[in-house]
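Spelled out from the first residue to the last, the chains are:
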Amino acid sequence: MEDFPRDTLLSVKSLSVHFPLPDSETAVRAVDAVSLELRRGETLALVGESGCGKSTLARAIVGLRGPTSGEVWFDGAPMAPLGTRARRALCRRIQMVFQDPDASLDPRRTIASAVAEGVELHETRSRGAVERRVLELLESVGLDAALRARYPHELSGGQKQRVCIARALATRPDLLVCDEAVSALDVSIQAQIINLLSDLRDRFQLAYLFITHDLRVVRQIADRVAVMYLGQIVELAPTQALFERPLHPYTRALLAAVPNLDAARREPVAALSGEVPSPASPPSGCRFHPRCPFVMDRCRREAPRAYERGQRSARCFLVESEFGQNADPEFGATS
Amino acid sequence: MSTRVLPPPGHSPGARAWRRLKRNRLARVGLVLVTLMALGCFCLPALLHLDPTTTHPAFRHQPPSAAHWFGTDGLGRDYAARVLAGGQTSLLVGLVATLTCVVIGVLYGAAAGYYGGRVDEVMMRFVDFMYGIPYMFLVILIMLMFSESARGDPVPVFVALGLVEWLTMARVVRGQVLTLREREFVLAARLLGAGDLAIIARHIVPNVLGIVTVYATLTVPTVIILESFLSFLGLGLKLSWGQLVSEAVGVVNPVAVYWWLLAFPSAFLAVTLLCLNYVGDGLRDAVDPKGH
Chain X
17 MEDFPRDTLL SVKSLSVHFP LPDSETAVRA VDAVSLELRR GETLALVGES GCGKSTLARA
77 IVGLRGPTSG EVWFDGAPMA PLGTRARRAL CRRIQMVFQD PDASLDPRRT IASAVAEGVE
137 LHETRSRGAV ERRVLELLES VGLDAALRAR YPHELSGGQK QRVCIARALA TRPDLLVCDE
197 AVSALDVSIQ AQIINLLSDL RDRFQLAYLF ITHDLRVVRQ IADRVAVMYL GQIVELAPTQ
257 ALFERPLHPY TRALLAAVPN LDAARREPVA ALSGEVPSPA SPPSGCRFHP RCPFVMDRCR
317 REAPRAYERG QRSARCFLVE SEFGQNADPE FGATS
Chain B
59 MSTRVLPPPG HSPGARAWRR LKRNRLARVG LVLVTLMALG CFCLPALLHL DPTTTHPAFR
119 HQPPSAAHWF GTDGLGRDYA ARVLAGGQTS LLVGLVATLT CVVIGVLYGA AAGYYGGRVD
179 EVMMRFVDFM YGIPYMFLVI LIMLMFSESA RGDPVPVFVA LGLVEWLTMA RVVRGQVLTL
239 REREFVLAAR LLGAGDLAII ARHIVPNVLG IVTVYATLTV PTVIILESFL SFLGLGLKLS
299 WGQLVSEAVG VVNPVAVYWW LLAFPSAFLA VTLLCLNYVG DGLRDAVDPK GH
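So the sequences go chain by chain: X and B. To convert a position in the first sequence, counted from 1, into the numbering used here, add 16. To convert a position in the second sequence, counted from 1, into the numbering used here, add 58.
FYI, nobody ran anything at the bench for these hints, they're computed from the structure. Do not rely on the hints blindly, as some may be mistaken.
Said to hold, decoys possible - Example chain B residues on the side facing chain X (calculated, C-beta under 7 Å, incomplete):
| # | residue |
| --- | --- |
| 1 | Gly68 |
| 2 | Gly174 |
| 3 | Gly175 |
| 4 | Glu242 |
| 5 | Asn265 |
| 6 | Ile269 |
Said to hold, decoys possible - To give a feel for the contact side, a few chain B residues facing chain X, derived at Cβ under 8 Å:
| # | residue |
| --- | --- |
| 7 | Phe243 |
| 8 | Leu249 |
| 9 | Leu250 |
Backbone N, C-alpha and C define an ideal beta-carbon position, used for all residues, glycine too.
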């Protein structure tokens with residue numbers, strides 16, 4: 017495994033999260049040996065159908081869920097488990113925005129108190145300073161300062177999500193994990209929040225791990241995209257390249273399922289048939305083979321590894337000939 | 059952002075629940091009556107110079123009259139004074155025993171729910187075990203553990219009733235905490251680096267207080283009736299509504315009907331219990347309007 021490059025912020029090394037099933041030998045392999053890297057200031061989108069393990073992966077990365085195996089490195093060192101003394105300093109640098117803005121705010125605390133919590137824990141307890149910082153944070157997410165004495169139930173969904181972003185920014189993080197942060201919002205509000213997130217990225221040099229099932233959102237915000245299927249990353253590519261030329265059949269199907277997205281330029285692809293198999297008993301060979309339109313005999317027997325070239329990688333035999341048996345050393349590919 | 063406009067104050071969930079409670083007619087009536095009952099029991103004896111212990115052998119078993127509104131008992135004591143004094147202890151027992159069970163139940167339930175896993179397993183099996191023991195047996199056992207001279211004192215009764223009633227409270231709180239600790243705002247607090255105690259104090263306990271208030275209000279009448287039952291068995295307090303009823307039943311005979319001895323404490327007890335139950339139900343609707 018390659019050592020930690022200078023500008024890498026987050027490195028996920030062969031991370032697995034399994035949930036043991038009661039009264040059974042098997043386990044739900046929600047996340048299965050996932051490796052990925054995130055550079056400083058970069059936005060990596062993690063896309064996939066619901067149930068593919070993206071949220072579990074996000075929670076394992078921030079430490080809300082202990083991994084079954086594998087490691088998460090942050091800024092050159094492995095992260096200690098959440099709640100330990102060693103981890104507290106890191107808490108400041110990694111923050112998260114959740115999907116459901118209603119559940120994300122304590123109904124019994126005012127907006128100011130929600131935003132102030134991080135400031136009080138990491139910066140200052142002086143009342144005046146906390147108040148100034150809260151106003152500054154509310155302003156940076158575009159909220160009226162008058163809202164600070166309000167309770168969450170008095171705000172709209174979009175406003176609540178802005179409060180959650182302000183709370184996450186309170187600790188001046190380097191990495192913001194957004195777990196479906198716009199999925200619960202109206203489309204018009206979604207666009208506002210996406211714009212806000214891109215502005216904040218430029219202003220505070222934030223790196224985002226942006227989890228979503230909405231490819232239109234991905235295109236607007238991401239530098240790179242990781243496509244997840246049944247607990248594995250099946251394709252990883254720069255956003256532009258992925259949308260222009262998806263390599264994995266699953267990615268192609270996902271793109272084809274998005275309405276009005278350069279539909280004229282691509283030949284139609286048959287919609288995916290069948291259900292997502294259970295992650296407790298994934299199919300033999302390639303996990304995608306029961307639903308793959310290009311399935312070969314080999315796919316049923318043998319699981320493809322991730323073939324890499326340059327910034328791209330895909331877990332499919334179709335790219336084997338193009339990408340070759342070995343990672344091209346010239347591009348400094350990582351696992 | 060330097061302009062300091064005073065923001066309009068928000069309406070806290072507590073304030074909203076209070077507004078909803080006030081709109082509920084039965085709960086409003088219940089609340090007013092219980093307040094009047096408590097004020098009456100605690101203030102009237104002093105204002106009217108009523109003494110529940112002075113005996114007048116010449117005026118035994120007098121029916122209600124202008125001089126003795128509720129009549130007199132077998133020793134010629136003013137029965138209004140006795141009913142009010144009995145109300146003091148009954149209400150006090152309800153309140154103190156409920157507070158005991160709130161403190162134990164909330165702490166125990168919050169700990170079990172928050173730490174979960176093995177801790178939760180062991181703690182809740184203990185609660186199940188306690189549930190399995192007939193509560194009257196338990197109460198009588200605790201009462202008997204106190205010395206003979208303490209019989210009739212309020213402390214053993216408080217302890218015994220509190221120790222029995224906290225079980226339900228612990229279960230309710232634990233269930234709430236179990237769901238709360240997976241809520242995103244608690245996860246967010248953990249990610250901010252807040253410690254367990256801070257999270258429990260800032261986010262968990264305030265969010266279970268609503269449901270705790272509801273159950274506490276419904277526990278008060280339960281405790282009062284339990285105490286009455288204990289008095290009936292001769293294990294309760296020296297002077298309470300239950301004990302007065304018990305005495306009155308003792309002098310029931312076909313020759314002379316001392317109806318006032320039974321009617322007044324029974325009526326006071328029934329009205330109080332009914333009102334407290336209405337207030338509890340109203341609170342439940344006010345705290346969780348989606349519950350029904």
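Checked hints:
Contact between B/Gly68 and chain X, as hinted, is supported at the beta carbon level, the nearest pair being about 4 Å apart and thus within 7 Å. With 7 Å as the threshold, the beta carbon of B/Gly174 stays out of range of chain X, its nearest partner Cβ sitting at about 13 Å, so the hint is violated. Checking B/Gly175 against chain X: minimum C-beta separation of about 12 Å lies over 7 Å; hint violated. Look at B/Glu242: its Cβ gets to within about 4 Å of chain X, closer than 7 Å, so that hint holds up.
The interface hint given for B/Asn265 holds, since its Cβ lies 6 Å from the closest Cβ of chain X, which is under the 7 Å cut-off. Because the closest C-beta pair between B/Ile269 and chain X is about 13 Å apart, greater than 7 Å, the hint is violated. The closest approach between the C-beta of B/Phe243 and any C-beta of chain X is roughly 5 Å, which is under the 8 Å cut-off, so the hint is satisfied. Taking 8 Å as the C-beta cut-off, the interface hint given for B/Leu249 holds, the closest approach to chain X being about 5 Å.
At its closest, the beta carbon of B/Leu250 sits 5 Å from a beta carbon of chain X; the interface hint therefore holds under the 8 Å criterion.
When each numbered hint is compared with the structure, violations occur for hints 2, 3 and 6.
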